[in-house]
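Colleague: All chains, please: the whole structure from these sequences, using the hints.
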Amino acid sequence: MSEPTAPVYQSAPPANIPPAPAKGNAFGLTALILGIVAVVFSIIPIVGFLAFVLGPLAVIFAIVGLTRKFAKKGTSVAGLVLGVVAVIIAIIVTAVVATAATSVSDSLNKEHQIEYVVTTTGPAHVSYTAASGMSSEDITADWKKDLTAKGFDFSTLSVTGNISTPSTVTCEILVDGKSITKNSGTGNAAMASCSGSSTSSK
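Residue numbers for the sequence shown follow this note's numbering, beginning at 2 and rising by one.
Simulated pairs of lysine to any residue, SDA-like, Cα-Cα distance not exceeding 20 Å: (1) K146 - S159; (2) K74 - L58; (3) K183 - Q114.
Derived from the structure by calculation, the hints contain no laboratory data.
Modeller: Structure representation (structure tokens):
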């Protein structure tokens, strides 16, 4: 007579273990903060060079944050994007500022040819600005004067006819061959006055 066999009990399947909850990401948070600060500095001329330091730092921290296991990735992604954007903006702003500075420097150092032109039908007195200040001459016929001015220069020219003789007088200022102002006057002590800057020809 065989011995009774013990009943075999099947073990219950192991319960599903939930994944570990995502932890905070200090590297991602640091990348996000650096990225925000870098973007702010990137749009400000002169101090924008700080974005070239903070932006790459944000990218580095973001990459480290993305490699962390069981850590939230959102701040790392945001920090990575902001770091890259900050560097791009800083490059654009720096290029624009450099171009503007070069343009201003060229404008300030550019030489301009100034030409004073006076016509008169009688004796007259001419006053004009020159490099040394105001100059004047007495004339009896049409008159011209060529000068060279560097950068921004304000020019004035006036002509006054003889008080005892009716006449017609005109004045004109040309900058680099282009007329920027012209006036005329008639009668006794006829008077004409002209003024303009070296940048008026642009």
